[in-house]
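Start from the sequences, fold in the hints, and give me the full structure.
There are 2 protein chains.
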Amino acid sequence: MNYKITIIGSGNVATHLASVFFNRGFEIIQVFSRNIENATVLANSVNAEAIDDLSKLNINSDFFIISVSDSSIETVVNSMPKVAGIVMHTAGSIGIEVLSKFNNFGVLYPFQTFTKGKTIDFNEVPILIEASNVDVLKSVELIAKSLSSNVIEADTIRRKNVHLSAVFASNFVNHLYSIADNLLSLNDISFDILKPLIKETTEKIMKMHPIQAQTGPAQREDYNVIKEHLKILEKNKNEFDIYKILTESIISYKK
Amino acid sequence: MNYKITIIGSGNVATHLASVFFNRGFEIIQVFSRNIENATVLANSVNAEAIDDLSKLNINSDFFIISVSDSSIETVVNSMPKVAGIVMHTAGSIGIEVLSKFNNFGVLYPFQTFTKGKTIDFNEVPILIEASNVDVLKSVELIAKSLSSNVIEADTIRRKNVHLSAVFASNFVNHLYSIADNLLSLNDISFDILKPLIKETTEKIMKMHPIQAQTGPAQREDYNVIKEHLKILEKNKNEFDIYKILTESIISYKK
Numbered sequence: 000m001n002y003k004i005t006i007i008g009s010g011n012v013a014t015h016l017a018s019v020f021f022n023r024g025f026e027i028i029q030v031f032s033r034n035i036e037n038a039t040v041l042a043n044s045v046n047a048e049a050i051d052d053l054s055k056l057n058i059n060s061d062f063f064i065i066s067v068s069d070s071s072i073e074t075v076v077n078s079m080p081k082v083a084g085i086v087m088h089t090a091g092s093i094g095i096e097v098l099s100k101f102n103n104f105g106v107l108y109p110f111q112t113f114t115k116g117k118t119i120d121f122n123e124v125p126i127l128i129e130a131s132n133v134d135v136l137k138s139v140e141l142i143a144k145s146l147s148s149n150v151i152e153a154d155t156i157r158r159k160n161v162h163l164s165a166v167f168a169s170n171f172v173n174h175l176y177s178i179a180d181n182l183l184s185l186n187d188i189s190f191d192i193l194k195p196l197i198k199e200t201t202e203k204i205m206k207m208h209p210i211q212a213q214t215g216p217a218q219r220e221d222y223n224v225i226k227e228h229l230k231i232l233e234k235n236k237n238e239f240d241i242y243k244i245l246t247e248s249i250i251s252y253k254k
Numbered sequence: 000m001n002y003k004i005t006i007i008g009s010g011n012v013a014t015h016l017a018s019v020f021f022n023r024g025f026e027i028i029q030v031f032s033r034n035i036e037n038a039t040v041l042a043n044s045v046n047a048e049a050i051d052d053l054s055k056l057n058i059n060s061d062f063f064i065i066s067v068s069d070s071s072i073e074t075v076v077n078s079m080p081k082v083a084g085i086v087m088h089t090a091g092s093i094g095i096e097v098l099s100k101f102n103n104f105g106v107l108y109p110f111q112t113f114t115k116g117k118t119i120d121f122n123e124v125p126i127l128i129e130a131s132n133v134d135v136l137k138s139v140e141l142i143a144k145s146l147s148s149n150v151i152e153a154d155t156i157r158r159k160n161v162h163l164s165a166v167f168a169s170n171f172v173n174h175l176y177s178i179a180d181n182l183l184s185l186n187d188i189s190f191d192i193l194k195p196l197i198k199e200t201t202e203k204i205m206k207m208h209p210i211q212a213q214t215g216p217a218q219r220e221d222y223n224v225i226k227e228h229l230k231i232l233e234k235n236k237n238e239f240d241i242y243k244i245l246t247e248s249i250i251s252y253k254k
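Residue numbers (numbering that gives the first Met the number 0), protein chains in the order written: chain X, 0 to 254; chain E, 0 to 254.
To be clear, the hints were calculated from the coordinates, so they are not data collected in a lab.
Owing to the predicted nature of the structure, the values given are computational and were not obtained by experimental measurement.
Take the hints with a grain of salt, since some may be wrong.
Pairs involving identical chains hold if they fit within one copy or between any two copies, as the list cannot separate such chains.
As the list claims (entries may be wrong) - BS3-like mimics (lysine-lysine), calculated; alpha carbons at most 30 Å apart, straight line: (1) K55 - K3; (2) K144 - K236; (3) K226 - K115; (4) K198 - K100; (5) K117 - K144; (6) K198 - K243; (7) K230 - K100; (8) K100 - K117; (9) K81 - K55; (10) K55 - K137; (11) K236 - K226; (12) K3 - K115; (13) K198 - K226; (14) K194 - K115; (15) K3 - K81; (16) K81 - K253; (17) K253 - K117; (18) K253 - K115; (19) K144 - K226; (20) K117 - K254; (21) K194 - K253; (22) K3 - K100; (23) K144 - K194; (24) K253 - K230.
Have a look at this one:
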């Protein structure tokens with residue numbers, strides 16, 4: 000494919016996207032970052048030019064991919080010249096309309112958590128796409144399908160809902176791991192003890208519905224154990240309240 | 000090993016334990032269940048005798064493993080004759096003292112979630128053990144080590160804390176998957192879309208501390224996104240409250 004791609008941003012998502020596009024044979028022509036050192040590191044890894052000034056943007060690129068923090072997207076858009084290519088952002092919770100000053104625009108949201116230095120099998124990552132019109136959608140779909148076999152069209156409202164579900168299933172889940180770790184370390188027990196259980200809990204819901212997979216004192220409505228757990232947590236108000244609300248929620252989901 | 004084992008119970012844990020003991024060469028002499036059909040199914044699979052009356056217990060067994068629901072342990076203990084062998088229960092949140100009518104007793108708590116029909120690599124399962132005295136502990140340790148390479152001595156208080164941490168890291172986590180599924184199905188989106196993300200979230204904490212792995216709007220203190228998410232959840236009071244308390248908790252853990 001002869002498409003030229005410009006990457007705007009140098010964070011986790013920008014870095015993963017640039018590297019996957021590069022490996023799939025796209026030409027990355029420029030990488031922008033406010034910090035020229037960050038731009039240079041990423042640009043060098045994908046044979047591109049590094050820039051730290053959006054007025055130096057090569058306007059002949061086919062795709063401009065804005066992959067910066069949610070709160071910076073608007074600023075970036077305001078600083079960009081009007082370009083003929085397709086401008087996209089990669090954010091789950093930002094509407095497509097933030098890009099409406101351009102003629103052709105879209106969203107390419109890779110639905111995954113990216114960690115510096117940890118590679119991801121991009122082919123399995125669901126990619127949610129949206130575009131300003133049907134023709135642009137075809138182009139966005141084309142490059143999305145070159146990244147992943149799991150491309151889903153979703154408008155801004157659906158994308159925001161998907162993002163919200165991820166906050167529960169990933170961000171909040173990770174926080175529960177932090178709480179568990181905290182409780183264990185109060186007893187000088189390593190978090191490692193939880194790893195086989197966490198692994199199995201995850202494997203279960205790959206095969207069965209989470210409602211069917213639910214176990215534990217709340218699911219059994221074992222109020223003796225619940226009471227004892229609340230007693231242990233009595234001095235940790237935050238963890239006490241979380242235990243209570245999630246226990247009540249599990250019971251309410253049975254109804 | 001020539002030890003004779005008696006299994007009291009026929010649920011998930013009893014079934015998994017009986018099968019692993021049998022496969023590791025122990026002789027299972029009897030399986031008790033109040034329901035003779037359940038006792039028979041399990042007993043047949045491990046070449047044992049099925050009984051549904053605790054007065055028929057062969058008192059010459061070396062180990063009596065009580066693996067029934069937490070709330071039934073006391074009733075079972077009361078119905079058992081005094082035996083010379085070691086009596087153990089397998090519960091995370093029940094004290095060892097429930098067995099104190101016996102001369103030799105202990106706890107063997109496999110720290111894992113067991114699902115009917117799904118085999119587990121028992122060798123990786125942490126097993127928490129406790130015993131009425133040092134000699135009994137040696138015997139309990141011996142049979143625990145024949146099940147798993149990860150045997151940990153823990154008294155009742157520590158065991159209860161470990162169990163509590165599992166409620167957060169497994170039961171509550173699974174419930175967050177149910178909530179995410181619920182939010183997705185309101186938008187006609189399959190839970191499958193979350194699976195790569197859930198897999199990666201779990202893989203991350205196998206390698207890094209959960210505090211370091213934390214991402215998302217709460218971690219970034221991105222109040223615009225948080226506000227928008229709460230707006231989406233406005234009509235689901237339960238999910239709204241859970242979002243709020245977990246968001247506040249993530250922020251408080253940063254301090």
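Status of the hints after comparison with the structure:
no.: 1; hint: K55 - K3; verdict: within (16 Å within a copy, 80 Å between copies)
no.: 2; hint: K144 - K236; verdict: neither (48 Å within a copy, 38 Å between copies)
no.: 3; hint: K226 - K115; verdict: between (42 Å within a copy, 28 Å between copies)
no.: 4; hint: K198 - K100; verdict: neither (46 Å within a copy, 38 Å between copies)
no.: 5; hint: K117 - K144; verdict: within (22 Å within a copy, 35 Å between copies)
no.: 6; hint: K198 - K243; verdict: both (25 Å within a copy, 27 Å between copies)
no.: 7; hint: K230 - K100; verdict: between (57 Å within a copy, 27 Å between copies)
no.: 8; hint: K100 - K117; verdict: neither (35 Å within a copy, 55 Å between copies)
no.: 9; hint: K81 - K55; verdict: within (13 Å within a copy, 87 Å between copies)
no.: 10; hint: K55 - K137; verdict: within (28 Å within a copy, 74 Å between copies)
no.: 11; hint: K236 - K226; verdict: both (15 Å within a copy, 24 Å between copies)
no.: 12; hint: K3 - K115; verdict: within (25 Å within a copy, 53 Å between copies)
no.: 13; hint: K198 - K226; verdict: within (28 Å within a copy, 32 Å between copies)
no.: 14; hint: K194 - K115; verdict: both (22 Å within a copy, 21 Å between copies)
no.: 15; hint: K3 - K81; verdict: within (17 Å within a copy, 81 Å between copies)
no.: 16; hint: K81 - K253; verdict: neither (54 Å within a copy, 40 Å between copies)
no.: 17; hint: K253 - K117; verdict: between (38 Å within a copy, 23 Å between copies)
no.: 18; hint: K253 - K115; verdict: between (40 Å within a copy, 20 Å between copies)
no.: 19; hint: K144 - K226; verdict: neither (52 Å within a copy, 33 Å between copies)
no.: 20; hint: K117 - K254; verdict: between (41 Å within a copy, 27 Å between copies)
no.: 21; hint: K194 - K253; verdict: both (27 Å within a copy, 23 Å between copies)
no.: 22; hint: K3 - K100; verdict: within (21 Å within a copy, 78 Å between copies)
no.: 23; hint: K144 - K194; verdict: between (35 Å within a copy, 19 Å between copies)
no.: 24; hint: K253 - K230; verdict: both (25 Å within a copy, 25 Å between copies)
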